[in-house]
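Chains as they are written, first to last, in our numbering: chain B, 671 to 1147; chain H, 671 to 1147.
When chains are identical, the list treats them as one kind, so a pair holds in a single copy or across two.
DSSO-like mimics (lysine-lysine), calculated; alpha carbons at most 30 Å apart, straight line:
hint: 1; residue 1: Lys1039; residue 2: Lys696
hint: 2; residue 1: Lys896; residue 2: Lys1002
hint: 3; residue 1: Lys970; residue 2: Lys1038
hint: 4; residue 1: Lys737; residue 2: Lys768
Calculated directly from the structure, the hints in this document are not laboratory data. Bear in mind the structure is a predicted one, so any value in this text is a computation, not a measurement.
Protein chains: 2
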Amino acid sequence: MSDDRPDNLDRLFYPKNVAIIGASPKSAGFLWGGNTFIEGMINCNFPGKIFPVHRNAESILGMKSYKSVLEIPEDIDFAIFSIPQSAVLKVMQECVEKRVRFVHLFTAGFSETGREENIRVEEELVRLAKKGGIRLVGPNCMGIFCPEGGLAWSKSLPSKIGSVGFVSQSGQLAGHFTGTGEHHGLSFSKVVSFGNASDLQCHDFLSYLAADDKTEIIGAYIEGLKDGRAFAEAARHITRKKPLVVWKGGQTEGGARATASHTASIAGSTDIWRSLCRQLGIISVNSLEEMVFTIIGLQKLPLPNGSRVAILGGAGGGSVTMTDVAETEGLKVPRLSEKTISALEQFVPLEGNSVKNPLDMMITLLDKKNFLKTMELLRDDPNIDALIFSQPVHWSHQVGGRAFMDMFIQMTYDGMKALEKPMIIALEQTHTLDGVVIRREVFEKYNAAGIATFPSFQSAAQIVSTMSRYQVFLNDH
Amino acid sequence: MSDDRPDNLDRLFYPKNVAIIGASPKSAGFLWGGNTFIEGMINCNFPGKIFPVHRNAESILGMKSYKSVLEIPEDIDFAIFSIPQSAVLKVMQECVEKRVRFVHLFTAGFSETGREENIRVEEELVRLAKKGGIRLVGPNCMGIFCPEGGLAWSKSLPSKIGSVGFVSQSGQLAGHFTGTGEHHGLSFSKVVSFGNASDLQCHDFLSYLAADDKTEIIGAYIEGLKDGRAFAEAARHITRKKPLVVWKGGQTEGGARATASHTASIAGSTDIWRSLCRQLGIISVNSLEEMVFTIIGLQKLPLPNGSRVAILGGAGGGSVTMTDVAETEGLKVPRLSEKTISALEQFVPLEGNSVKNPLDMMITLLDKKNFLKTMELLRDDPNIDALIFSQPVHWSHQVGGRAFMDMFIQMTYDGMKALEKPMIIALEQTHTLDGVVIRREVFEKYNAAGIATFPSFQSAAQIVSTMSRYQVFLNDH
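All chains should be modelled from the sequences, with the hints used to inform the complete structure.
Encoded structure:
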């Protein structure tokens, strides 16, 4: 790929140097601004040169500061604007003169305000950039987070390099996604917050991530598409080789109105969106949590061969309601085969248990021999494609402390191997602080072993359902 | 109400004495059993006498133990069976001889097994009891929790007396409900786990709670109804004077199959259930969390006059997606009146904010004057019935520590008064342990002031929608 093609974004994600225009000699406090970008880059070990630019500062965060980009003694790959809206046209003119390759505008106050004069400034900005051969990210967004390239808009973004790409029209949700994702064990290749998308658009970033070897799974939050056809084309090239998980904002009447105020987007019809997802194999999600855990599932679990699940870990009413949740999510909770049922009845007491599916037999399964036997029976049961195992973490800890918990986890590992079908683990929520701590410990043990866990039975069921539908798409295409 | 009518359940909830048949001289470990009932009663300060019964123990938990109920030197109001299934008919015969008034069977292994011989034992049990004038709770359930009467099936149940009644076919969910509810600030008048409902049924308990002055709101988890007409009749008498919130298990095909294994219930048609709820003003919920927070909302918030909400606390994409969530939950997020918008534009900067609804202007609102002014504008806005305020608790704490948090909470109190419409507060989730602790502190401050908070924007939106529909039902009936 030639580095000089205008649609090659390599230098955007891996610039040799960056000018931060509107860095400040004063602390920004809790607000975002030029300095938070510098701090983010330092935290991500940016390997190139950082050039702070400020009208009259001599130095910023210990670095020499420049009065304008024109003063910088090197060619500039990438400039970030964190300046008043009223100054952007003048500064863009300077960047054109300086032959900067990429500009990201953190600055807001353009078409998203709905005001004629602000819309015109955005149009003029794009015109100037285009004439000067500059590609734009934004305006009105957080820009680029690429830990490998050393770019980040905040020091709170994780410096660990991973394989999840994320493209977001909203900076807030890009930040929430990386924060929530990191907490649950994800790390990232490239994250883009692209705001008003006045030049570079969602499909440009998606196409880049599609070709990017460092990115294995792609997530996106989008509000509206300026070029639906280009988006569909980009998606079509992704979904057969990498999962593409999209959260579409503005799917309701009020939400669509809100997208206009946020990023000047036209949200479009929900029906068209849904049918597009079905046709193209886009995995559609409806919340940040669903986005994070769908990606975790796709990254760590094998795709199930079908949607028929066994359910384990509930008791009584919990078993009934888990079954309702699973079937509401599109799964089937079939009766186990007669062979499995009779085999289970050999060692599970009749009173207080149920072995037909859902499986209500947790006490019996605390004996490892019984647990492995059960996994083998489910492995051989032709009615079952996957097992959802809701683990009563806090209860286990109350019963037998950490030693018991560790036995339970080890038993789960062994059972997973014996099952030879996807086992999806939900860690039951607890209320007490003690419970939160124990649950986190258990999460970390599983996570260190590369095993996905889900925050609720509902989340686990949703992911299995999503993954089995994606398998159907892959089979059909 | 005469104490001698067989349908008077006063002595079930407030017995003068209780025989625990199957209490044990050995510790039960982590399993439920006779002793956990005794421990629960002691924890709830049972004011009467407890008589442990065991075949050959001399004393149990420091109390004199009896070989059989027949040996107890007093008339017995209430006996709890925690004995092997094979012994129940003999012990029931003794209770008949002893003229016990109420029996609860913790013992399982009856019709829920689906086996002919076990079903026959349950039928014989009911026949014996009926002949002897004994009313039965269960079998296959946890029975009665009534902190005022001093009854509880575990010492982990809260001894605090409250006004929430709960009737549950599942003991596990009754336990989860009380635990989760307590954690979020609820306390209870009477909770019943009624299992197979071989004699006393859901509608018997509902009718009792309907007439019970100590119970202001009633929740229920049910799997199937043996007498749908009686249930409807009981519900009809409740919903106009007290909210009745019902979670129906077995609403899917697999779930319905599971109810049969759990409590031998026929789950019935989901369509009929839904239309019954609409007709009778039953508030239908679909998860434990929704049950808990619906009850909290009904207990602590005024009913809104309509379903048009303002949304505050999001930024950018968060505002858009909150709006989607609200409208998906059945609310409307309308544009504010032009008068409100122009007034807000007087003091909210254009760049990076939005004042049309959803309101994306959190930084401006950190000034108390601006916050109160905004609440007054929403109070006077004819387009708005309620405000959902999503509070970024952890962020606020990071910005300004506890002092800032306290200012924020005080500002919320004052704003709530100024608004004069329901303000529904969601406390944003956080990941870190630090965040969990801060969030809990903030919850406790609001809870101590009698202010409801909700665990997510989605939960808050769901509750407003539910409450506005209940207001419509009350208006129409």
